[in-house]
Amino acid sequence: MSEENHPANGRWYSGLLITVFTLLIGYNIYRLVQIQDPWIWRQWLTVVATLAIGWLLWRELSNFAKPKDTD
Numbered sequence: 551m552s553e554e555n556h557p558a559n560g561r562w563y564s565g566l567l568i569t570v571f572t573l574l575i576g577y578n579i580y581r582l583v584q585i586q587d588p589w590i591w592r593q594w595l596t597v598v599a600t601l602a603i604g605w606l607l608w609r610e611l612s613n614f615a616k617p618k619d620t621d
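Under our numbering, the residue at position 53 of the sequence shown is numbered 603, and the numbers go up by one with no gaps.
Keep in mind the hints are simulated off the structure, nothing from the lab.
There may be inaccurate statements among the hints.
[Unchecked claim] Computed Cβ-Cβ distance ranges for the label pairs, DEER-style:
1. Ile-590 to Asn-613: 29 to 39 Å
2. Ser-612 to Leu-574: 18 to 28 Å
3. Asn-613 to Trp-591: 24 to 34 Å
4. Trp-608 to Asn-578: 17 to 27 Å
5. Ile-590 to Ser-612: 29 to 39 Å
6. Ile-575 to Ser-612: 13 to 23 Å
7. Thr-569 to Gln-593: 16 to 26 Å
8. Leu-566 to Val-597: 30 to 40 Å
9. Asn-613 to Arg-592: 27 to 37 Å
10. Leu-567 to Ala-602: 12 to 22 Å
For each residue, glycine too, the CB sits at the ideal point set by N, CA and C.
Given only the sequences and the hints, what does the whole structure look like? Please build it.
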């Protein structure tokens, strides 16, 4: 397989997009919770939820990008 067609070359780009997308979601959730109820535990809960969403997106998309076995 040639170097420019290798599937791993696009992973950093998709990882960057996932990171930015997750941070935007998390920031919007954080602001909504802060406006409605400024309790610190709810803010930390939104941070943990955002990290979980980002981890799940990263895991699913990185599994999708892996080359399939063609035996």
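Worksheet item: Hints broken by the structure, by number, lowest first?
Response: Going through the list in order, the structure violates hint 8 alone and respects the others.
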